[in-house]
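Dock chain B against chain A, hints included.
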Amino acid sequence: GNSVTQMEGPVTLSEEAFLTINCTYTATGYPSLFWYVQYPGEGLQLLLKATKADDKGSNKGFEATYRKETTSFHLEKGSVQVSDSAVYFCALMRWNSGGYQKVTFGTGTKLQVIP
Amino acid sequence: ETGVTQTPRHLVMGMTNKKSLKCEQHLGHNAMYWYKQSAKKPLELMFVYSLEERVENNSVPSRFSPECPNSSHLFLHLHTLQPEDSALYLCASSQEGAQAEKLFFGSGTQLSVL
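Those protein sequences? They're chains A and B, same order as listed. For reference, each letter of the first sequence is one residue, going 1 to 115 in my numbering. For reference, each letter of the second sequence is one residue, going 1 to 114 in my numbering.
So that you can see chain A by itself, here it is in the shape it has in the complex:
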């Protein structure tokens, strides 16, 4: 079956530090890949996505590249801010034969940015 593995947190960084959160996946075929973010007390929001190999998703200074050869989709940001403190979820999506999205999530990585 499909699965997503992401690094365990929490990750604690100082403001303006470089961020990498690793994510690898197992899936048949060609899934779409996503990063969702969950701020305290809120639900998940889509941060960025990539739908095919070598695509780069980007949003709010975050980037991730779909690497089929290494089955990875690592999240990076060059300079984090305190407001980036949240839980980050890597996910993959395959279309189910029933015609709906089948999304598999990782365990989430908590990021804490200190001033």
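There may be inaccurate statements among the hints.
[Said to hold, decoys possible] Some chain B residues flagged as far from chain A (calculated, every beta-carbon gap over 12 Å):
1. L11
2. V12
3. M13
4. N30
5. Q37
6. S62
7. F64
8. H73
9. P83
10. D85
11. Q110
12. V113
[As the list claims (entries may be wrong)] Calculated cross-link-like contacts (lysine-lysine; reagent style DSSO-like; alpha-carbon spacing at most 27 Å):
13. A:K102 with B:K40
14. B:K41 with A:K77
15. A:K68 with B:K19
16. B:K19 with B:K41
[What the hints assert, rightly or not] One side of the interface only, derived from the structure: several residues of chain A facing chain B at Cβ under 7 Å:
17. G1
18. T5
19. S14
20. Y39
21. F105
22. G106
Simulated from the structure, these hints should not be mistaken for laboratory data. In this text, all values refer to a predicted model and were calculated from it rather than measured experimentally. Glycine included, every Cβ here is placed at the ideal spot set by N, Cα and C.
For chain B alone, coordinates are given in the frame of chain A:
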């Protein structure tokens, strides 16, 4: 504001109680989902409704009973829960079809079973 509203935000219940979680989406989507979020575990997909029909039930115990009366509303009825059912329950919706690209989540109901 994501367009998906969940109530209540917090719920404490005893093991013999019966309660319901409510989800409402104002996005015109035709698929709705219940997820369970527990600490240090991946989000668990519980149920999927597409066009108001249940299309997936991921081996969820019968003490959880979903209901989708129309495409905008989704309920999760709870009865005789166990302490290990304490978790954040998230509702999500999406528009199925070629243009679908993401899930829209509510803020969740934090459930504590005593």
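Hints versus structure:
1. L11: B:L11 is indeed farther than 12 Å from all Cβ atoms of chain A, at 15 Å.
2. V12: holds (17 Å)
3. M13: holds (21 Å)
4. N30: Nearest chain A Cβ is 9 Å from B:N30, so the label is violated.
5. Q37: Contrary to the label, B:Q37 does not stay out of reach of chain A, its closest Cβ about 8 Å off (not over 12 Å).
6. S62: Its Cβ never comes within 12 Å of chain A, the nearest being 22 Å, so this holds.
7. F64: Non-interface label on B:F64 holds, nearest chain A Cβ at 19 Å vs cutoff 12 Å.
8. H73: Non-interface label on B:H73 holds, nearest chain A Cβ at 17 Å vs cutoff 12 Å.
9. P83: holds (21 Å)
10. D85: holds (19 Å)
11. Q110: Given that some Cβ of chain A is not farther than 12 Å from that of B:Q110, nearest at about 9 Å, it is violated.
12. V113: holds (20 Å)
13. A:K102 with B:K40: Given that 27 Å is the threshold and the Cα spacing comes to 21 Å, the pair holds.
14. B:K41 with A:K77: holds (25 Å)
15. A:K68 with B:K19: With a Cα-Cα distance of about 45 Å, the restraint between A:K68 and B:K19 is violated, given a limit of 27 Å.
16. B:K19 with B:K41: holds (25 Å)
17. G1: violated (12 Å)
18. T5: With Cβ-Cβ at 9 Å, over 7 Å, it is violated.
19. S14: violated (25 Å)
20. Y39: violated (10 Å)
21. F105: At about 4 Å, which falls below the 7 Å cut-off, the nearest Cβ of chain B leaves the hint on A:F105 intact, so it holds.
22. G106: holds (6 Å)
In the structure shown, a violation is registered for the earlier hints numbered 4, 5, 11, 15, 17, 18, 19, 20, in ascending order.
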